[in-house]
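Trainee: Based on the sequences and whatever the hints tell you, model everything.
Here is what each chain is made of, one letter per residue.
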Amino acid sequence: MASNKWIKLPKENRDALVKGWLKTLLEKGAVSGVVVPSTLPSGANAAQSLITDPAMLEDTQPFAPVMAVSTAKILSRMTRLKPMEKPVAVLLRPCELRATIELTKLKQANLDNLLLIAMDCAGTFSVKTYASLVQEGTNFDEMEEKLFGGEEEPLLRPVCQGCEWSVPGGCDITIARHGLDGTTFGLIAHTERGEAALGEMEGEAWEGGEEARAAAVEKWTQDKIAKRDAQFAELKERVTGVENLLKTYAACINCHNCMTVCPICFCKECFFDSAVFEFESDRFMDWSKARGNLRLPTDTLLFHIGRMNHMSTSCVACGMCQDACPNDIPVAQIFKMVGFNTQSRFDYVAGRRLDEPVPLAEFREDELHEIGGE
Amino acid sequence: MAILKTIFDTLGLESDRVHLEWISASEGKKFADTVKKITDETKQQGPNPLAKQWSI
Ligand code: SF4
Ligand code: SF4
Ligand code: SF4
Numbered sequence: 001m002a003s004n005k006w007i008k009l010p011k012e013n014r015d016a017l018v019k020g021w022l023k024t025l026l027e028k029g030a031v032s033g034v035v036v037p038s039t040l041p042s043g044a045n046a047a048q049s050l051i052t053d054p055a056m057l058e059d060t061q062p063f064a065p066v067m068a069v070s071t072a073k074i075l076s077r078m079t080r081l082k083p084m085e086k087p088v089a090v091l092l093r094p095c096e097l098r099a100t101i102e103l104t105k106l107k108q109a110n111l112d113n114l115l116l117i118a119m120d121c122a123g124t125f126s127v128k129t130y131a132s133l134v135q136e137g138t139n140f141d142e143m144e145e146k147l148f149g150g151e152e153e154p155l156l157r158p159v160c161q162g163c164e165w166s167v168p169g170g171c172d173i174t175i176a177r178h179g180l181d182g183t184t185f186g187l188i189a190h191t192e193r194g195e196a197a198l199g200e201m202e203g204e205a206w207e208g209g210e211e212a213r214a215a216a217v218e219k220w221t222q223d224k225i226a227k228r229d230a231q232f233a234e235l236k237e238r239v240t241g242v243e244n245l246l247k248t249y250a251a252c253i254n255c256h257n258c259m260t261v262c263p264i265c266f267c268k269e270c271f272f273d274s275a276v277f278e279f280e281s282d283r284f285m286d287w288s289k290a291r292g293n294l295r296l297p298t299d300t301l302l303f304h305i306g307r308m309n310h311m312s313t314s315c316v317a318c319g320m321c322q323d324a325c326p327n328d329i330p331v332a333q334i335f336k337m338v339g340f341n342t343q344s345r346f347d348y349v350a351g352r353r354l355d356e357p358v359p360l361a362e363f364r365e366d367e368l369h370e371i372g373g374e
Numbered sequence: 001m002a003i004l005k006t007i008f009d010t011l012g013l014e015s016d017r018v019h020l021e022w023i024s025a026s027e028g029k030k031f032a033d034t035v036k037k038i039t040d041e042t043k044q045q046g047p048n049p050l051a052k053q054w055s056i
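Residue numbers (the working numbering), protein chains in the order written: chain H, 1 to 374; chain S, 1 to 56.
If you are wondering where the hints come from, they were derived from the structure by calculation, not from laboratory data.
For each label pair, taking beta carbons as the anchor points, the in silico distance ranges come out as:
{"no.": "1", "chain 1": "S", "residue 1": "54", "chain 2": "H", "residue 2": "270", "range": "17 to 27 Å"}
{"no.": "2", "chain 1": "S", "residue 1": "35", "chain 2": "H", "residue 2": "132", "range": "57 to 67 Å"}
{"no.": "3", "chain 1": "S", "residue 1": "43", "chain 2": "H", "residue 2": "83", "range": "48 to 58 Å"}
{"no.": "4", "chain 1": "S", "residue 1": "47", "chain 2": "H", "residue 2": "149", "range": "53 to 63 Å"}
{"no.": "5", "chain 1": "S", "residue 1": "12", "chain 2": "H", "residue 2": "226", "range": "19 to 29 Å"}
{"no.": "6", "chain 1": "H", "residue 1": "137", "chain 2": "S", "residue 2": "47", "range": "51 to 61 Å"}
{"no.": "7", "chain 1": "H", "residue 1": "82", "chain 2": "S", "residue 2": "35", "range": "47 to 57 Å"}
{"no.": "8", "chain 1": "H", "residue 1": "226", "chain 2": "S", "residue 2": "23", "range": "39 to 49 Å"}
{"no.": "9", "chain 1": "S", "residue 1": "23", "chain 2": "H", "residue 2": "149", "range": "55 to 65 Å"}
{"no.": "10", "chain 1": "H", "residue 1": "236", "chain 2": "S", "residue 2": "28", "range": "40 to 50 Å"}
Pulled from the structure, derived: some chain S residues nowhere near chain H, Cβ distances all over 12 Å:
{"no.": "11", "residue": "25"}
{"no.": "12", "residue": "26"}
{"no.": "13", "residue": "28"}
{"no.": "14", "residue": "32"}
{"no.": "15", "residue": "39"}
{"no.": "16", "residue": "40"}
{"no.": "17", "residue": "42"}
{"no.": "18", "residue": "43"}
{"no.": "19", "residue": "44"}
Positions of the beta carbon are idealized from the N, C-alpha and C atoms, including for glycine.
Mentor: Okay, here's the thing in structure tokens:
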């Protein structure tokens with residue numbers, strides 16, 4: 001990645017500096033809109049919003065550690081029918097960036113005119129947990145510093161605790177923390193578009209940033225990989241095998257929330273909600289007679305395995321599905337583990353790069369000889 | 001197929017119960033042999049543990 005501009009600025013003013021910069025971009029017409037989390041009236045939640053009036057940037061919270069909806073899903077809604085006509089700046093967490101890249105490859109989003117600004121991520125809280133932390137008067141900046149320093153925080157969403165892809169790649173600008181000492185934060189332009197936008201920001205040149213950052217990112221990532229592997233090992237004990245799986249999904253009420261909020265599940269009508277799964281009464285009776293009993297609604301486990309089969313190669317492990325589950329089933333952790341294995345089969349990482357084709361869109365003649373006979 | 005087998009392996013289900021074979025209409029013998037092979041293997045594996053479960 002060609003890195004063109006590296007600057008650093010005081011961390012304590014990060015919020016105001018970033019907001020001021022976005023405001024300037026908007027005022028000068030360098031962008032025609034900004035997608036960034038705004039504080040909602042309750043004060044205890046922040047949701048992505050599209051800002052066109054520079055004054056409205058006051059109420060934004062670019063770094064609120066909560067992800068109510070994946071921005072990737074929003075960008076897909078906004079750009080699928082027609083790409084942005086004029087530049088729009090978008091603030092993203094790395095998993096949102098990866099989901100956006102993945103959706104672009106799946107032709108469900110269009111990156112034209114989007115200025116992608118992504119941050120080093122220390123993790124996010126569920127909407128519920130975030131609300132109670134706000135009520136307790138939590139100092140999120142302090143907490144974030146501790147997390148970047150390697151401290152554990154059991155209240156973080158489980159996928160975040162073991163998120164090995166929490167450093168962005170493939171954006172125009174990175175808002176950086178890794179490679180600095182915590183008193184400053186960095187802004188790095190990776191593209192021409194990013195460099196032009198950063199022209200509106202004054203900061204101290206970040207000398208030697210590239211090396212310092214590479215080393216810090218490596219350490220952070222290795223640490224996260226170790227946590228992820230520990231999570232996988234624990235999960236394997238708890239949820240795999242016929243008995244454990246049935247126990248895990250015993251709490252599933254078949255509401256399909258997990259699918260609805262998933263940025264990658266883009267189908268207008270899910271196969272599992274389609275006419276294929278509508279049956280005549282006799283079928284239910286036959287199924288029941290085969291075993292003497294039939295769980296209703298039917299196909300609870302099949303829905304999950306089916307979803308894995310359809311999209312686990314593109315799962316970005318963002319955790320949205322788990323946040324949405326009313327019965328605390330570790331859906332995202334299971335999907336992440338399955339996705340890790342299915343993606344590994346194709347040397348693929350969902351959303352890592354725009355120029356890496358999604359596994360199922362590409363046929364490689366020399367792949368997977370061991371499956372499907374001669 | 002590779003994906004489904006990988007999912008089964010990850011979840012601790014028996015992935016060798018899933019088969020895929022490309023057989024053209026003219027390959028009658030291959031078809032017969034394959035079906036026999038799968039049937040034999042399945043007999044050896046015994047009944048599917050999921051078949052007895054009503055709560056899947
Ligand atoms: S899943 Fe990773 S990138 Fe997404 S919010 Fe959590 S730590 Fe950040
Ligand atoms: S399956 Fe869950 S973790 Fe994976 S992309 Fe969808 S919402 Fe995110
Ligand atoms: S959100 Fe939870 S309860 Fe609803 S279908 Fe998904 S796993 Fe089942």
